[in-house]
Structure formats: C-alpha cells, structure tokens
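Asker: Here's the letter readout for the chains.
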Amino acid sequence: MAGVEVSAYQDIRQNIASEGAQPDMGTRSLPVRFDGEGKEYFGIWFVNLILSILTLGVWSAWAKVRRLKWFYGQTSIDGHAFDYHAPPVNILIGRIIVVAVVIAFATAEHFFPGIGLAVGYIVLIPFLPWVINRSLRFHARMTSWRNVRFDFKGSWLGAFLAFLVMPFVATFSLGILLPFASRFTRHYVIRNFSYGTNTFSAKAPIGGIYMALLKAVGTFFLIGLLLSPLIYLVVSSIDLTSLISEDMVPADSRQSLENMSEDEKNQVMDSIASLYTYMLGFYLLVPAFMLATVVYRGFVRNVIFNHIMLEGGHRFGSHIRYWPFIWLAISNFLMVIFSLGLLTPLAQVRMQRYLANHTGVHAQGDLNIFVAKSQEAGSSFASEYADIQGIGLDFGI
Amino acid sequence: MKDKADKMTPLTIRGRLFEANASTFHEASLQADPDSALLVLKSQHGEVLVNRADCTLSEKIGSIPRKLTLGDGRIFECSDQKGLKVMFRPLRTSDKTLSLVAWMEEFRLRLIAIVMGLGGLAALVVVYIMPIGFDAAAHILPYEVENEMARHTLKILDKALLKTSELPANKQQAVSDVFAELLDTANLPPERYSLMFRKGGAIGANALALPGGTVVITDELLELAGSEDAYAGVLAHEIGHVEEKHGTRLFLRTLGLSVIFMLALDDVSGVMESVILFPGFLLELSYSRDFEREADDFSIDLMHKAGRDPAAMAQLLKDMTKNCGKACEETSFLGTHPGLTERLDTLSNSR
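Protein sequence lines correspond, in order, to chains A and B.
Our numbering applies: residue 1 is where the first sequence begins, and numbers increase by one.
Our numbering applies: residue 1 is where the second sequence begins, and numbers increase by one.
This is chain A alone, in the form it adopts within the complex (with noise of 0.2 Å):
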C-alpha cells in the first residue's frame, strides 16, 4: 500500500516538471513556530551540563543530541515539527577523536611554544575544507522535517573559498569587501544543500548586503556614542595610581626606578595607571562591537532568506526588525552576565522564537511529494570537529 502511494506522487510530480511551466496551485504562507518555553528548557540545559562535566566530557556526545532534538522538535514548519536523528554513540567517537587532535595540539604548543601551533595548522589546513565539508553533510543528513532528510554535497574547493579564504579577504579589505565574503559563503551552502530530492538555490544581491553592513557600522557608533560619557567618566575618575605597586614594573626596570627622584617616579607611575585606565576604556567599546556583529548577521540573514528557493518554487524570508532585535541582543547579554549564565538556556529560548516568529515560508502547491534520497549517514567526526573548534554551521543565523 505504501509503496503504491509514494510511487504516484513520485509519479505527479514527475509529470509537473516535464511540463515545463508550474500549474498555479497557489503559493501559500506557512506559519513558522517555536513553541519551546525557556521554563522546560532550563532543566534540560542544566541537567545536561551538569551530567557532561560528571562523566568527564561523556555525556556530552547525549547532551548534545537531545538540545538538537529540543530545539529542533520545538520548531515548526505548518504543524510540522524538525527532527534530529544522529546517533549519539557516532557522536562520541567523533568527539574521542576531536579530543586526541586537541591534546596534541596542546601538547605540541606547550612544549615547543611558536612552533607547535604553526605546524598544527600547516598540516590541518589541507584537511579543513573536507572536514568543514563532510560536518556539514552529516549535519545536513541528521535532519529532518516532516520525515524527509536534508543533504549537503559540496567540493573541497568550494569550501576552501568559503570559510578559509574568504575570512582573509575579508580581514585584509577592512571589511569593505566583507558583504562579498559574506554572500559567498552562505550562498556555498545554501546552493549545496538539499531537503529530499529536490535542490535550493540562492540568489542574494549584493546591495541588501552593503545595506546590513551599514547598519551594522551605524549600530557600532550609536552604541559607541552613548557609551563615550560612561568611558569618559570612567577614564577620568578613576585613579589607578593606588593600585600600580614596583611590583609592576619589570624586577631589571626597578633598579633604575629607585635611582630616580620622587618626582621622576611619580610620573613612571602616572603614566603607568592611565595606560591601564586607556585600556579598561577600550574594552568598554567591546560590547559595541559585539551588538554591531550581531546586528550585521540579523540583516545578512533577512537578504539571503528573502531570496533562497527550493526547487518546486517554494520561497523563504526573514523579516528582523532592527529595535526590537538590538533590544533581544542587549537583554540577552545582560540576562546572561547577571546570572552568571544561570540564564543562558532562556536567552537561547528568547533568540530562538524571535527567529522563527521572523522567518517566512511560501510553500508553492503540494507537500507531501517530498520523498527522501536514499543515502547513507557518513561518520560523524568531521561534525563534532567543527562543532567544537566553534566553527558556526547553523542555517539559522
């Protein structure tokens, strides 16, 4: 019975693409939801951190496959809930293999300080496209929604453009051509993903990039201006002199120190205190800096949904709104802080139905013709490889 039914849509659909133009079945908006509360989320969050520190690391490998499952089973797609299915054994062995290739990092830079680490990455570099590539892939293969699977297929080229070449471009334009490295990179794995048979495409102009860039550089300096008076008090006030003992000053230094007179070791001291006090006023600027990433990524994201298909016709958007966005940032950060990340679970909870409540989905005719490829799983390794260097995956943002 069930294969009859399958093999007909498979049938239909077939037909609809050998016809060329798409009969007008009607695009249709479909809602968007996260329905998880941070009150559920929080015992899980904390039970979980608390297992994974107990067993060592162990546990992490499970803590990890039922916040995925949370989270992804708490967001859905017209009643359709998303899926995560890795297994958490692979997992774990993927994570064992991580630990044994960050040992031996560590141990070579400690040990043989400057050169370990250089080797380290001369030696990995070659391999990152394929691991970046292959996490990607298994990721992708992992999940679901409404019972078909992604899947990921890139090229080692591709991936070395993406997230090893492109951060440098980036860097070394200052940011001016940030937007390009930023579209390329996102557009790789968009154009390389898909969801059962059928392939998405992405096709975001540059213009709305620059835009998000503005905004962001307009953020960094908003922030930046309210913050001066703050930095500016904070500078001028406070006097470190009373902290800064000759205990500071470099034991071979101090000879000289105390061959000077008193007036001659008072300015070493002044000028001393307001190097440190010039440096506690530019990490002030650092939260600045921080809310402008934010704000930047936020707005990259509603350019590039708004212009990614799947094929079938099916369109995507993203409608962030910048206050109450910058509000969510600011007061996710400060929650946190003031907690002393006893909050992290419900700022992570409060980002996440921002998101979906901001994302669209116009979904063009029928949707039960999606039917999965067949494939197999692949090894998790190169997934927790990324996962852990913090190497950020996430379609989402």
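Note that these hints are calculated values from the structure, not bench results.
Values in this document were obtained by computation on a predicted structure and should not be read as measured data.
A couple of the hints might just be wrong.
Stated by the list, open to error - Heads up, incomplete: computed chain B residues facing chain A, CB under 10 Å, no partners named:
1) R16
2) S58
3) P65
4) G71
5) I75
6) E105
7) I129
8) M149
Even glycine gets a Cβ: it sits at the ideal position worked out from N, Cα and C.
Following the hints, put chain B in place on chain A, whose structure we already have.
Answerer: Coordinates of chain B only, in the frame set by chain A:
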C-alpha cells in the same frame, strides 16, 4: 485517581502516520490493550495490528513530539506525552536511563535538589577525582620525555626572558656543590638533574623548576640570599617541584579541565564561555597553590635531612616580596602561590 473502570478500557493515542521516508501522512490512532502485546493502528486505510516488539519509540525530551518507528519503516508521530508514557514503559536499560534523565529535567521544585545534588557530585569529581587520574598519567610519563620537552621551553626562556649569568665561577661552584649535596641527601640520581645559572632580568630574583630535572636559579636571588641555607632552601623547594612532577601535573590537570569544559559547553557563545570558565581558572590557580605548599613541605623535609635550617629561607622570601605590599601577604584565590604570611608560618613551625 483512575478507577477500575478506566483501567479496563484500552488506551488510545492520536497522531500522524507517515510513509517511510516521505512527507505524506494521514491522521491515525494507536490503541493498546493492556493485556496484549499487540497494538491496533487505525487510519483511513483501516485497521492493522502492530507488534510492540517491532516498534522503537524515540525518547522523551520535554514536550517534543515522539516518533514510534514501526517494523515496515512507517512512523507514527504523537505528542500525547501522558498516553505514550502509559502505553510504552521503558524496558531496556538505555531506555530506562534516558527516561530517568527526562524525569530529572522536568521543571519542578525537585529540580533544585537534583541540580544541587548532581552539581555537588560533579564538583567533587572535578576537584578531587579527576586530578588523581591526571596525576597518575603524569607519573607514568618518564623523566626522559619530560626532559626533552623542557629543553625547548628553556630555549624559549633564554631567547625571550633570561640573560647569561654574571655570577663568578667560584660562587657558581659553591652553589652547585650545595645542589649536589641536597640531591645526595635525597637519594636522587644527580645525572637526572642539571642546575642552570641565569641573570633574571625581568623576573628578577627567582628560581624555576622545569619538568625532567632542569632547575634555573637567578643571580639576583643568590645576591639577595643572606646565607647558604637560605638559597639551599630554595634549591630544595625546586627539587621538590621536579620530584613531585608539579609542572607536568599542572599542565595535564589544566588540559583535562579545558577539555571537559570544551565538551560540556559546546553550545555556549564566546563571551559566555569566559564567564563560565572563570571557576575553572580559579581551580587551576588553587592547584598551583597546593603544589607550592607541597614543594615547601618537601624543602623543609630535605633541609632537615641535610642538617640545614629550613627557616633560613624566611628572610629571603620577605626580601623577594618587599615591594609587593599587602597583596602578597594574604593567600588570595587569585594567587599562584600561598600568601607570604602562610609560608612564613609553615617555615617557622618547621623547627
């Protein structure tokens, strides 16, 4: 409270039945007879009997929909948490464990007790048990390996920080003789150790022990030392660091802690990592202070055996920290060494 009548009626849960690997689905219901191992799957296609043993149920995580995978690959998706709990009791140990974890995760008053209990246990493991494991690993590492690694560290130190010693040859010989005497008293093979003289420069009056047996002592410290026993105490302290393998143990403990945190906090962004890693950093500093205490105790013991005065080092310690002020006197949780007051106490009680 369910009465007898309820218990007799078969339990029914509703959900969606998906074809294998396709997005097509139908509304369906699953009915269980408490006495039977079979379930009745009803959908618009009719009724079908399903064997419990052929089914796999996904775990409960909060309120996410759960999926029952049938023998033929079709999937029954259901959000009726209560119904699923009654219909499918966990049988295998792995299912029971996951069920227990789900129970612990529930947002109820007992979560506070669970978090504190487990958290306390985790803290015990990290602070006391984990170091034992890493210390064992450090002790397995042979001196030769440690020495090889320390050679490169010394090269870097020489390039970046230390300068050539300006100590006259006869003074160097005198100090080397004291060093050899201490090793002899402690029954340690002198070929495993080497004493290096350097001008401290930026680090001033100081002494370092590198894993494997290299001990570095600066001219400035020897100049400051009021007596032979004073610098002998310092040498004995450094020998203690080498013998107890403090360098390697601290490295392994720190590495181990970093790895565990890295695994446990993989979902936390950069800034948050620093906040949560701070207790780890404090823990590493406390390990360092413990090792300094161990080395002080080793020094006192060795000085006694060598017939020397352990307390002679006291004046030297005072001179070395005379510019530090209040900050060095108290044992602070940010310090790599115990405070001066504590160390002087230990030394004066050593008589």
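Asker: Each hint needs a verdict: does it hold in this structure or not?
Answerer: Tested hints:
1. Annotation: B:R16 was flagged as interfacial toward chain A, and the flag holds, the nearest CB pair being 9 Å apart, inside 10 Å.
2. The beta carbon of B:S58 is positioned within 10 Å of a beta carbon in chain A (closest approach about 8 Å), and the interface hint is therefore held.
3. Below 10 Å, beta-carbon pairs count as interface contacts, and B:P65 has one with chain A at about 6 Å; its hint therefore holds.
4. Because the closest C-beta pair between B:G71 and chain A is about 12 Å apart, greater than 10 Å, the hint is violated.
5. The beta carbon of B:I75 comes within 6 Å of a beta carbon in chain A, closer than 10 Å, and the hint placing it at the interface holds.
6. Of the supplied interface hints, the one on B:E105 holds, with its beta-carbon coming within about 4 Å of a beta-carbon of chain A, less than 10 Å.
7. This hint holds: B:I129 has a C-beta 9 Å from the nearest C-beta of chain A, less than the 10 Å allowed.
8. Given the 10 Å rule on beta carbons, the hint for B:M149 holds: about 4 Å separates it from the nearest Cβ of chain A.
Hint compliance for this structure: hint 4 alone is broken.
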